[in-house]
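There are 2 protein chains.
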Amino acid sequence: MSAVETGVVAFATPPFAALADWGTSNLRIWLVDEKGTVLDEAQSGDGMAVCSRDNRFATVLESHLDSLAAPKSLPVIVAGMAGARGGWREAPYAETPSAVDRLYEQAVSPDHARPVHILPGLCQKTTGPFDVMRGEETQIAGVVAGGLATGIICMPGTHCKWVDLEDGKVQRFRTAMTGELFDLIAKQSILRLSIPADEKAETHIAAFEAAVTEAFLPGFSLATGLFSIRAATLLSSPAPHEAASRLSGLLIGAELAGMRNFFEGGKTVHIVASPALAGLYLRALTQVGAKAEPLDGSALVRTGLFAAAKALI
Amino acid sequence: MSAVETGVVAFATPPFAALADWGTSNLRIWLVDEKGTVLDEAQSGDGMAVCSRDNRFATVLESHLDSLAAPKSLPVIVAGMAGARGGWREAPYAETPSAVDRLYEQAVSPDHARPVHILPGLCQKTTGPFDVMRGEETQIAGVVAGGLATGIICMPGTHCKWVDLEDGKVQRFRTAMTGELFDLIAKQSILRLSIPADEKAETHIAAFEAAVTEAFLPGFSLATGLFSIRAATLLSSPAPHEAASRLSGLLIGAELAGMRNFFEGGKTVHIVASPALAGLYLRALTQVGAKAEPLDGSALVRTGLFAAAKALI
Numbered sequence: 000m001s002a003v004e005t006g007v008v009a010f011a012t013p014p015f016a017a018l019a020d021w022g023t024s025n026l027r028i029w030l031v032d033e034k035g036t037v038l039d040e041a042q043s044g045d046g047m048a049v050c051s052r053d054n055r056f057a058t059v060l061e062s063h064l065d066s067l068a069a070p071k072s073l074p075v076i077v078a079g080m081a082g083a084r085g086g087w088r089e090a091p092y093a094e095t096p097s098a099v100d101r102l103y104e105q106a107v108s109p110d111h112a113r114p115v116h117i118l119p120g121l122c123q124k125t126t127g128p129f130d131v132m133r134g135e136e137t138q139i140a141g142v143v144a145g146g147l148a149t150g151i152i153c154m155p156g157t158h159c160k161w162v163d164l165e166d167g168k169v170q171r172f173r174t175a176m177t178g179e180l181f182d183l184i185a186k187q188s189i190l191r192l193s194i195p196a197d198e199k200a201e202t203h204i205a206a207f208e209a210a211v212t213e214a215f216l217p218g219f220s221l222a223t224g225l226f227s228i229r230a231a232t233l234l235s236s237p238a239p240h241e242a243a244s245r246l247s248g249l250l251i252g253a254e255l256a257g258m259r260n261f262f263e264g265g266k267t268v269h270i271v272a273s274p275a276l277a278g279l280y281l282r283a284l285t286q287v288g289a290k291a292e293p294l295d296g297s298a299l300v301r302t303g304l305f306a307a308a309k310a311l312i
Numbered sequence: 000m001s002a003v004e005t006g007v008v009a010f011a012t013p014p015f016a017a018l019a020d021w022g023t024s025n026l027r028i029w030l031v032d033e034k035g036t037v038l039d040e041a042q043s044g045d046g047m048a049v050c051s052r053d054n055r056f057a058t059v060l061e062s063h064l065d066s067l068a069a070p071k072s073l074p075v076i077v078a079g080m081a082g083a084r085g086g087w088r089e090a091p092y093a094e095t096p097s098a099v100d101r102l103y104e105q106a107v108s109p110d111h112a113r114p115v116h117i118l119p120g121l122c123q124k125t126t127g128p129f130d131v132m133r134g135e136e137t138q139i140a141g142v143v144a145g146g147l148a149t150g151i152i153c154m155p156g157t158h159c160k161w162v163d164l165e166d167g168k169v170q171r172f173r174t175a176m177t178g179e180l181f182d183l184i185a186k187q188s189i190l191r192l193s194i195p196a197d198e199k200a201e202t203h204i205a206a207f208e209a210a211v212t213e214a215f216l217p218g219f220s221l222a223t224g225l226f227s228i229r230a231a232t233l234l235s236s237p238a239p240h241e242a243a244s245r246l247s248g249l250l251i252g253a254e255l256a257g258m259r260n261f262f263e264g265g266k267t268v269h270i271v272a273s274p275a276l277a278g279l280y281l282r283a284l285t286q287v288g289a290k291a292e293p294l295d296g297s298a299l300v301r302t303g304l305f306a307a308a309k310a311l312i
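Protein chains in written order, with numbering that gives the first Met the number 0: chain E, 0 to 312; chain W, 0 to 312.
Read the hints as simulated data drawn from the structure, not as lab findings.
Since we're looking at a predicted model, the values are computed, not measured.
Please note that a few of the clues may not be correct.
Quick list of in silico lysine-lysine cross-link-like pairs, DSS-like style, CA-CA up to 27 Å [as the list claims (entries may be wrong)]: (1) E:K124 with E:K266; (2) W:K309 with W:K34; (3) E:K168 with E:K71; (4) E:K34 with E:K168; (5) W:K71 with W:K34; (6) W:K34 with E:K186; (7) W:K186 with E:K124; (8) W:K124 with E:K186; (9) W:K71 with W:K168.
One side of the interface only, derived from the structure: several residues of chain W facing chain E at Cβ under 8 Å [stated by the list, open to error]: (10) T126; (11) D130; (12) A222; (13) S227; (14) A230; (15) E254.
By construction, the Cβ of each residue, glycine as well, lies at the ideal position given by its N, Cα and C atoms.
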């Protein structure tokens, strides 16, 4: 196959689309050919938080595409917070139950010279408690495109998403603020005095597991369990990493207790996370008697974006 | 009774002691006569956090006593964080079960020209989960001195204390980080986008009550309930104060659920808090079927300090 020139860069095959994962803090862009093969990529800290200040979305996008020598007419598919209220252009939430491989039908386009399609987020409004996601629905589209159409998906992180997927449709989902609470509590609450900043890297397995068990018990109280971490530092001599691991175990255990209706009855939980975080959730889920397995999440959002690109372009 | 002169100030009766409530953020000092009548008082933001930097406890105390024209030999009784590790001088915790009217026996004195007695805090170590208090035990001594020797005491605040008091002894206690979590979450989590800074003053009663009920249900998950507050802002049009009141209701409801073993079986909960906070707890406790009544907490710590002064001087 001969090289294709666009500007100064030679691509092995012609670029078919640019795929953008545009979150609150980061922007990641892939140039792909029509088979979805990555030709080049770029990433930066120009997330929605930075870009929404002076509505710099168009400028930032073009600057990144220039650096990748993308053709001026190349279409761009965007997922994430760039489509939130206050983002580039609001892509209103699709509502559960929702087929994730049809979300592209509700994409919106900002006023821009180049064709740009911003995918909607997903909300739960009338079929369950209020909940929202923006970005994860495109990862789930990647899961479905990868062949898993029915199952329970757990996506740990700042705001952990638990998803009940059936025949390619998100039937219901819930969010737990586990990651955000961990950061706030470890760094800014009284527990910061018990958790040195460098103590998060390693896990004290015994402390983590004991905390998961404690948090999964009926009658457990998170606000009380948390303070006991501080008291333990004052009254005993915890090993290094013990306080941080106990905090992590209490928060994850409490999350699992709250989400147990997703995995009761022997359903397998498919975990989408970085290896370290997936390892913790796998351990905790196994501990409370659930079946769990990690899912390779590295390319899911790109796969979901590419599936939308094939439908839209 | 003739006026007594000390320095330039005339007291109606001679000062018997200075009583100091020395917390993390504030210092409050009362000059009392031998009947406990307040002759004069002072307060400032010179709490333990400020004073421990250069060990300024002695200087700060003398400066306040000078401003009150206290005699140079007047004894001082101190309760609170000034007796913590890293405070003026550590007063090691007394351990549950513990008679609060005998805590003065474990008071310690820093190396200082004037007689100063720092009362110990209270810990739970072998008879229940690790827990600590420092300052509240002296309020409880005030409760006992006021005539209530047996009962359940709930002390809402940054770190809410629940206490099982029996014949003047603290049998067991637990701490919930409710107030600290409210502040962190309202001001620094994603919920800050749903809770304007001025929205905490008023309570949206219906939202508060619905949240208490929700949080008291079995299977409730705090981390998930919290995110639903953010989702509700995005998907509906909450009334002013609704998000903050819902946050307050979820946190207090979850606290009550975790503490229900204190008030099960029809025991009355005696609430020690500012009128606004006591009102919220009273409402929430009544709602979940508990008996509750506010206790006048304004002079409790002073009463407890004075009881110790009578024993020590």
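Verification of the supplied hints:
| no. | hint | verdict |
| --- | --- | --- |
| 1 | E:K124 with E:K266 | holds, 25 Å |
| 2 | W:K309 with W:K34 | holds, 9 Å |
| 3 | E:K168 with E:K71 | violated, 35 Å |
| 4 | E:K34 with E:K168 | holds, 25 Å |
| 5 | W:K71 with W:K34 | holds, 20 Å |
| 6 | W:K34 with E:K186 | violated, 46 Å |
| 7 | W:K186 with E:K124 | holds, 26 Å |
| 8 | W:K124 with E:K186 | holds, 26 Å |
| 9 | W:K71 with W:K168 | violated, 35 Å |
| 10 | T126 | violated, 12 Å |
| 11 | D130 | holds, 5 Å |
| 12 | A222 | holds, 4 Å |
| 13 | S227 | holds, 5 Å |
| 14 | A230 | holds, 4 Å |
| 15 | E254 | holds, 6 Å |
Checked against the numbered hints listed earlier, the structure breaks hints 3, 6, 9 and 10; every other hint is satisfied.
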